[in-house]
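S.K.: Sequence:
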Amino acid sequence: MKPERPRQLSTAEERRATVLRTAVGAFAARGYFGTTTTEVAKAAGISQAYVYRLFPNKEALFVAVVEHSFVQVRASLERAAAEARGSTPEVVLSAMGDSYARLISGSDGDSDLMLVQLQAQAAATSEPAVREAVRQGYARLVEYVRGASGGSERQVQEFFALGTLCHLIVSMGAGEVDAPWSRTLAAGIRHY
Numbered sequence: 094m095k096p097e098r099p100r101q102l103s104t105a106e107e108r109r110a111t112v113l114r115t116a117v118g119a120f121a122a123r124g125y126f127g128t129t130t131t132e133v134a135k136a137a138g139i140s141q142a143y144v145y146r147l148f149p150n151k152e153a154l155f156v157a158v159v160e161h162s163f164v165q166v167r168a169s170l171e172r173a174a175a176e177a178r179g180s181t182p183e184v185v186l187s188a189m190g191d192s193y194a195r196l197i198s199g200s201d202g203d204s205d206l207m208l209v210q211l212q213a214q215a216a217a218t219s220e221p222a223v224r225e226a227v228r229q230g231y232a233r234l235v236e237y238v239r240g241a242s243g244g245s246e247r248q249v250q251e252f253f254a255l256g257t258l259c260h261l262i263v264s265m266g267a268g269e270v271d272a273p274w275s276r277t278l279a280a281g282i283r284h285y
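Position 25 of the sequence shown, counting from 1, maps to 118 under this note's numbering, and the rest follow consecutively.
Just so you know, these hints were derived from the structure itself, not from any lab.
None of these values were measured; they are calculated from a predicted model.
Even glycine gets a Cβ: it sits at the ideal position worked out from N, Cα and C.
Among the clues, some could well be false.
[What the hints assert, rightly or not] Cross-link-like lysine to any residue pairs, in silico, SDA-like; alpha carbons within 20 Å at most:
#1 Lys-135 with Thr-115
#2 Lys-151 with Glu-220
#3 Lys-151 with Ala-177
#4 Lys-151 with Leu-113
#5 Lys-135 with Arg-108
[Said to hold, decoys possible] Derived CB-CB ranges, DEER-like:
#6 Thr-129 with Ala-280: 39 to 45 Å
#7 Arg-224 with Glu-183: 30 to 36 Å
#8 Pro-149 with Gly-179: 33 to 39 Å
#9 Ala-280 with Thr-218: 42 to 48 Å
#10 Glu-106 with Asn-150: 44 to 50 Å
#11 Gly-266 with Arg-167: 38 to 44 Å
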């Protein structure tokens with residue numbers, strides 16, 4: 094009996110992963126409406142026709158990018174929950190919040206993640222498939238955070254509210270501004 098060889102990705106699977114990584118950067122920089130599949134294909138080193146073999150249209154590609162971003166967030170929260178120095182909701186939520194702040198600031202992960210999330214929220218206002226991907230992503234995150242932390246409805250709501258505020262602080266660089274309004278928003282919030 095021969096030992097099993099590790100499974101190798103097919104060219105299509107490798108290309109799909111490459112296109113997805115490339116699309117994250119493109120959509121983060123220019124958004125759903127400002128990014129073309131031609132730009133993504135060129136940056137990935139493949140033809141636009143091949144992009145369409147992997148993803149039926151730009152919307153499907155963007156939805157895959159949005160889903161990928163939620164997977165990254167979930168993985169970050171899972172690591173934080175596993176490494177939390179205690180098991181109370183407060184301790185677990187604090188560890189997850191710290192991990193999320195590091196992730197969206199780029200200090201512990203992909204610096205494009207926050208921008209993709211913001212672009213997805215903007216596109217969700219007019220694109221039903223994107224809206225559904227954002228809803229499903231948040232639904233899974235809320236249920237995960239609730240289960241992993243054991244937090245109350247209010248604690249989980251506050252966790253997500255602080256995460257949204259952290260997005261705002263990081264996206265506009267409020268933590269770098271020395272003014273009363275920025276200190277009010279950023280005081281006591283980890284945003285690295």
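S.K.: Measure nothing beyond the straight line between the CA atoms of Lys-135 and Arg-108; if it is 20 Å or shorter, mark the hint as holding.
M.R.: At roughly 13 Å apart (the allowed maximum being 20 Å), Arg-108 and Lys-135 satisfy the hint.
S.K.: Given a hint of 33 to 39 Å, does the C-beta separation of Pro-149 and Gly-179 actually sit inside it?
M.R.: violated, 46 Å
S.K.: Does the beta carbon distance between Ala-280 and Thr-218 stay inside 42 to 48 Å, or does it fall outside?
M.R.: With Cβ atoms ~30 Å apart, the hint is violated.
S.K.: Given the hint of 30 to 36 Å, check if Arg-224 and Glu-183 actually sit that far apart at their C-beta atoms.
M.R.: holds, 33 Å
S.K.: When you check the alpha-carbon spacing of Lys-151 and Leu-113, does it fall within 20 Å?
M.R.: holds, 12 Å
S.K.: Looking only at beta-carbon atoms, does the pair Thr-129, Ala-280 fall within the given range of 39 to 45 Å?
M.R.: Roughly 41 Å apart at Cβ, these two residues keep to the hinted range, so it holds.
S.K.: For the pair Glu-106 and Asn-150, does the Cβ-Cβ distance stay inside 44 to 50 Å?
M.R.: violated, 20 Å
S.K.: Within a Cα-Cα threshold of 20 Å, do Lys-135 and Thr-115 meet the stated pairing?
M.R.: holds, 10 Å
S.K.: Assess, step by step, whether the Cα of Lys-151 is no farther than 20 Å from the Cα of Ala-177, and give holds or violated.
M.R.: violated, 39 Å
S.K.: Keeping to a limit of 20 Å between CA atoms, is the pair of Lys-151 and Glu-220 held or broken?
M.R.: holds, 12 Å
S.K.: Can you let me know if the beta-carbon spacing of Gly-266 and Arg-167 is within 38 to 44 Å?
M.R.: With a Cβ separation near 27 Å, Gly-266 and Arg-167 fall outside 38 to 44 Å, so the hint is violated.
Violated hints for the displayed structure, listed by number in ascending order: 3, 8, 9, 10, 11.
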